[in-house]
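Quick note, the sequences are listed as chains A and C, same order.
Going by the numbering used here, the first residue of the first sequence is number 1, and it counts up by one from there.
Going by the numbering used here, the first residue of the second sequence is number 1001, and it counts up by one from there.
Rather than coming from a laboratory, the hints here were simulated on the basis of the structure.
Any given hint might turn out to be false.
Claimed, not checked - Per label pair, the in silico range of CB-to-CB distance:
1. Arg8(A) x Trp1268(C): 35 to 43 Å
2. Gly170(A) x His1135(C): 27 to 35 Å
3. Asn39(A) x Thr1132(C): 28 to 36 Å
As the list claims (entries may be wrong) - From the derived model, a few chain C residues whose C-beta atoms are all more than 10 Å from chain A:
4. Pro1084
5. Trp1188
6. Val1207
7. Leu1223
8. Val1225
9. His1270
10. Leu1322
Just so it is clear, the structure is predicted and the values come from calculations on it, not from any experiment.
The beta carbon of each residue, even a glycine, is placed where N, CA and C say it ideally should be.
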Amino acid sequence: MSPLLEARGIRVDVPGRTLLHDISCQIRGGGRIALLGPNGAGKSTLMRVLSGCLDADAGEVRLGGSRLGDLPRKVVARTLAYVPQLRPPLLPLTVREIVAMGRLSHAGLFHPLSPADRDRIDAALERLDVRALQERDATTLSGGELQRVFLARAVAQEASLLLLDEPLSGLDVRHQLELLQLFDELVAEGRTIVWSVHDLRLCAEQGGQAWLLDQGRLTADGPIEEVLLSPAARQAFGLAIARSDDRWSFQLG
Amino acid sequence: MGARRTTFLLCAVLGITALLGLLWGSSDLTASQAWHALLEGPDGRGLACHVVWNIRMPRLLVVALTGAALSASGAALQALFRNPLADPSLLGISSGASLAAVAWLTLRPEQAEWLPVAAFLGALGEVATVWTLAHFGGRPNLAVTLLTGVALSSLCAALVGVALLLARANDLSRLIFWLSGGAEARTWEHLLQELGPALLGIGMLWVLSRWLDALSLGEEHALSVGVPVNRARWLALGGAAMATGAAVSVCGPVGFVGLIVPHALRGWMHRSSARRLVPLSALGGGVFLVLCDTVARIYLPTEIQMGAITSFLGVPFFLWLLLRSRRVGA
């Protein structure tokens, strides 16, 4: 069976610099994959390539066995939901209008939202705790609130694969924990989550798989504990990473 | 205020303004004579019927349609460019349409029926150039997009000047009057000429409005929810160019309507989804331009072009928006 998403030999160049070097990776259905790496390692660039928002200079991405670029975006959106790094909207859309966009690939341009679509929008608003904000102008929300709105949009999309670029950024501790709980629920429903994250301790406690990016190269992948304890992680972060009795320690050097 | 109440209110104001525009004018007709002529229908005889049904009515409809086309285009362009200051005239689309129209009127004055096509192609060419230049070498920012539009607008204005120099003497006054943006002496033929492309353009923008909403959040969000971004952009630019081109081909470049009306409606309704804003802006644009034309026609000592009135209102409004955005940015 072909993997859900597969990247082969991805290279991305910008003038004077290569952002990603020959990255190959596979996502099989279910579970979660943490995308780790220091600032500037290429995490967001890889997310953008995997979601089809950025064309690689070399290599290809396949979704369910087909080339991502050959599939209509509507078909891609039913399988893959991507939430880029937070950028506030410039025009005053309401929270509900943004979450409702998650149903666009199901309802289509000419069809109004069905009652079933509306139920899914309500459920997504509820799951991300933004139902009370649904009539609010999104330009007036805080960063954390807005992050939850975009995540609710991705949940409403009902895609089997969620690519989330720093989904915890801007969230207070309660909402971070609630989001991680939601990840568990989504994984239990059979969805796959790829998320980039900077909080290594939090990420280690969550378990699952991890990919480690260092200067545009995929230097380790596997169970998160193995990745964090690998020499590649020490090299990438410049940190001594250790674990004793389920407690993680991160020290400079 | 909700969309339904706003629609009702705009329809009521449009109805009242249209009636005022039909009953009052610069000819010696009294309001009562005009009212009777209106009731008599288009087949009635006499001067009053001629004035009401062959002069005022087509002018009113042309003006309303022009306002609708420009406002709906403005609302759509603001979402598309992710720029609350986008407008067919600020981005130079009207100038592109004007240049093509002037060139056509100069080169082929005997084939005026093709004017909307020429204006549409001019508008589309201009907007595609702005789009390409603004995206050249990376992600465009708002200032680059607007400035590119302003620069191209100036270039088109200069080329219009050259076209005027080359125009024959007997075409010159007609061209200059047309360029100042007005609806005087517009007939049923003008209306028919404008109607198809304007309604098609507005309709396209309305159909595309859900994609436009997603695009207003940025390209990556739009792709993620399944919007074929490039096709959506080209269709929206085509719709805006068609509506603007149709409006400009009949009334000349009338500025700022596409900026003022969507903004006023956003402020009024406290929301801006293109799905609501595009049709409401079309309605509001009709109301606004009919009001401007009525004021230009009746209440000013000499009949000045409505394009001048929209600019008198639009320039301070634009400056106010700029100052406000600076304050918010600070």
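To see whether the hints hold, each was checked on the structure:
no. : hint                               : result
1   : Arg8(A) x Trp1268(C): 35 to 43 Å   : violated (53 Å)
2   : Gly170(A) x His1135(C): 27 to 35 Å : holds (29 Å)
3   : Asn39(A) x Thr1132(C): 28 to 36 Å  : holds (33 Å)
4   : Pro1084                            : violated (6 Å)
5   : Trp1188                            : holds (33 Å)
6   : Val1207                            : violated (6 Å)
7   : Leu1223                            : violated (5 Å)
8   : Val1225                            : violated (5 Å)
9   : His1270                            : violated (7 Å)
10  : Leu1322                            : holds (15 Å)
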